[in-house]
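Asker: In case you want the letters, here they are:
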Amino acid sequence: MKKNIKYALILLSICAISTAALALTNSITAPVIEVQEEENRLAALKAVSMGYEIGVQEDIVGDRSVTFVTDLKDGGQTVGYILGLKGAGYGGEMALVASYKPDGEILRVQLLSHNETPGLGKKAENAGYMAKYEGTGAGSEVPTNKNMLSASDAQAVSGSTVTFAAIGKALEAGSRYVNELGGK
Amino acid sequence: MNIKELTKGIFKENPVFIIVLGLCPTLGVSTQVSNAIGMSAGVFFVLLFSNIIISALRNFIPDSIHIPAYIVIIASLVTIIELFMHAFAPAVYAALGVYLPLIVVNCIILGRAEAFASSNTVIDSALDAIGMSIGFTLSLTLIALIREVLGAGTITLFPIGSFDGVLEVPWLIDNPFRVVALAPGALLLMGFLKAFFDWKAMRKVD
Chain A
1 MKKNIKYALI LLSICAISTA ALALTNSITA PVIEVQEEEN RLAALKAVSM GYEIGVQEDI
61 VGDRSVTFVT DLKDGGQTVG YILGLKGAGY GGEMALVASY KPDGEILRVQ LLSHNETPGL
121 GKKAENAGYM AKYEGTGAGS EVPTNKNMLS ASDAQAVSGS TVTFAAIGKA LEAGSRYVNE
181 LGGK
Chain B
1 MNIKELTKGI FKENPVFIIV LGLCPTLGVS TQVSNAIGMS AGVFFVLLFS NIIISALRNF
61 IPDSIHIPAY IVIIASLVTI IELFMHAFAP AVYAALGVYL PLIVVNCIIL GRAEAFASSN
121 TVIDSALDAI GMSIGFTLSL TLIALIREVL GAGTITLFPI GSFDGVLEVP WLIDNPFRVV
181 ALAPGALLLM GFLKAFFDWK AMRKVD
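Residue numbers (the numbering used here), protein chains in the order written: chain A, 1 to 184; chain B, 1 to 206.
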């Protein structure tokens, strides 16, 4: 009995010291990480804005795919929207930002955060990966299936079809969402 | 202090090919050379600190609770390194992604704590950690190099200045053996390399 209490106290002291070390580390790194994430988000918004003016951001709660929406303006006129999107990738939730024309056509896409496998799904970070989605959504369907791609694009997503389909589905949902906004 | 503790990890007791520890990260991250190097750096820091701390506490931690105590120490170290990388080396953090938290369950770290640090001095444990990390780095980089060159026709290093970090191998870039880059390729290659190292070890005995 006495031994058990001693062991418990030893384990407790190890846990307490570890927790203190973690709390200290977190207090140093948390503000730096927050600044970085905000910068990344703004850079991503700018990258998909096609040079148009970015409007006020409105957070969306309760939608399966859309997390926020903001309009793109050119001289006071709405020329499109930027949506924050989420999709279920191979390694959990992925966050994207994408810009759309008012008719639902995808202009530009950027990946914000994800946990995809390096060498496979993580390739979605590469420049040019999103080109297979861009321009679809209005005249042509957003690709969500390997059969909807050209042979070379299909080979590029080989080994990471879950990631590819998840991005496609999130973008397709975004396209529908923009259509429902009806250019207002 | 025994310098043998440092050198044994490189060939004689190579953690991947001889002791066969830490196979999940070995097979998982070895798709690109840059991932292998980043993973090795993470393992190096965690292994060095965990070996030092566990060795320093070896007379304080009772035998019957050593596993939970080690896991708490290792998990805390991994989280600390993850937070620091996220804040101050975001590029490396982004490149390693999900593999960084997985260092917690890397058998090399618990294995060395259990087999070495728990019964040796702090200095010997630190040398053991450095040697094992070098052995892990060399093995992982070797597998990644073979897989990336054959499977994708590229060698991905870290971008410096105008160099974007990707070297292309002529011919293979257009005709890669894609299976080598996928999971079955990792297992096949691991088997061949293990056989090769076993053959080398056997020849030495004769």
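A hint or two may mislead.
[Unchecked claim] The calculated lysine to aspartate or glutamate pairs, modelled on DMTMM-like cross-linking and capped at a C-alpha distance of 20 Å, are: (1) A:K3 - B:D63; (2) A:K123 - A:E93; (3) A:K73 - A:E34; (4) A:K123 - A:E105; (5) A:K123 - B:D198; (6) A:K123 - B:D164; (7) A:K123 - B:D63; (8) A:K6 - B:E168; (9) A:K86 - A:E53; (10) A:K2 - B:E168; (11) A:K169 - A:D63.
[Said to hold, decoys possible] Each pair of labels, with its calculated beta carbon distance range: (12) A:G128 - B:I67: 43 to 49 Å; (13) B:F11 - A:N126: 33 to 39 Å; (14) A:L12 - B:V166: 46 to 52 Å; (15) B:F84 - A:I10: 44 to 50 Å; (16) A:N145 - B:A183: 42 to 48 Å; (17) A:A47 - B:S64: 25 to 31 Å; (18) A:K46 - B:V166: 53 to 59 Å; (19) B:F158 - A:N115: 45 to 51 Å; (20) B:R178 - A:D103: 16 to 22 Å; (21) B:P184 - A:N40: 54 to 60 Å; (22) A:S13 - B:V166: 30 to 36 Å.
Honestly, the hints are just simulated from the structure, not real lab data. No residue lacks a Cβ here, since even glycine has one placed at the ideal position from N, Cα and C.
Asker: Measuring from beta carbon to beta carbon, are A:A47 and B:S64 in 25 to 31 Å?
Answerer: Given range 25 to 31 Å: violated, Cβ gap about 56 Å.
Asker: Determine whether the Cβ-Cβ distance between A:S13 and B:V166 falls within the hinted range of 30 to 36 Å.
Answerer: Because 49 Å falls outside the window, the suggested range is violated.
Asker: Verify the CB-CB distance for A:G128 and B:I67 against the hinted window 43 to 49 Å.
Answerer: For B:I67 against A:G128, whose Cβ atoms are near 47 Å apart, the range 43 to 49 Å holds.
Asker: Quickly compare the C-alpha distance for A:K6 and B:E168 to 20 Å and report which way the hint goes.
Answerer: Distance of about 60 Å is beyond 20 Å: violated.
Asker: Sort out whether B:D164 lies within 20 Å of A:K123, counting only the CA atoms.
Answerer: 16 Å, holds
Asker: At the C-beta level, are A:L12 and B:V166 separated by a distance inside 46 to 52 Å?
Answerer: Since A:L12 and B:V166 have Cβ atoms about 50 Å apart, the given range 46 to 52 Å holds.
Asker: Assess, step by step, whether the Cα of A:K123 is no farther than 20 Å from the Cα of A:E105, and give holds or violated.
Answerer: 24 Å, violated
Asker: Quickly compare the C-alpha distance for A:K123 and B:D198 to 20 Å and report which way the hint goes.
Answerer: 35 Å, violated
Asker: Within a Cα-Cα threshold of 20 Å, do A:K73 and A:E34 meet the stated pairing?
Answerer: 28 Å, violated
Asker: Are the Cα positions of A:K123 and B:D63 separated by 20 Å at most?
Answerer: Given that 20 Å is the threshold and the Cα spacing comes to 45 Å, the pair is violated.
Asker: Measure nothing beyond the straight line between the CA atoms of A:K3 and B:D63; if it is 20 Å or shorter, mark the hint as holding.
Answerer: Holds: A:K3 and B:D63 sit about 12 Å apart, inside 20 Å.
Asker: Does the beta carbon distance between B:R178 and A:D103 stay inside 16 to 22 Å, or does it fall outside?
Answerer: 38 Å, violated
Going through the hint list in order, the structure does not satisfy hints 3, 4, 5, 7, 8, 9, 10, 15, 16, 17, 18, 19, 20, 21, 22.
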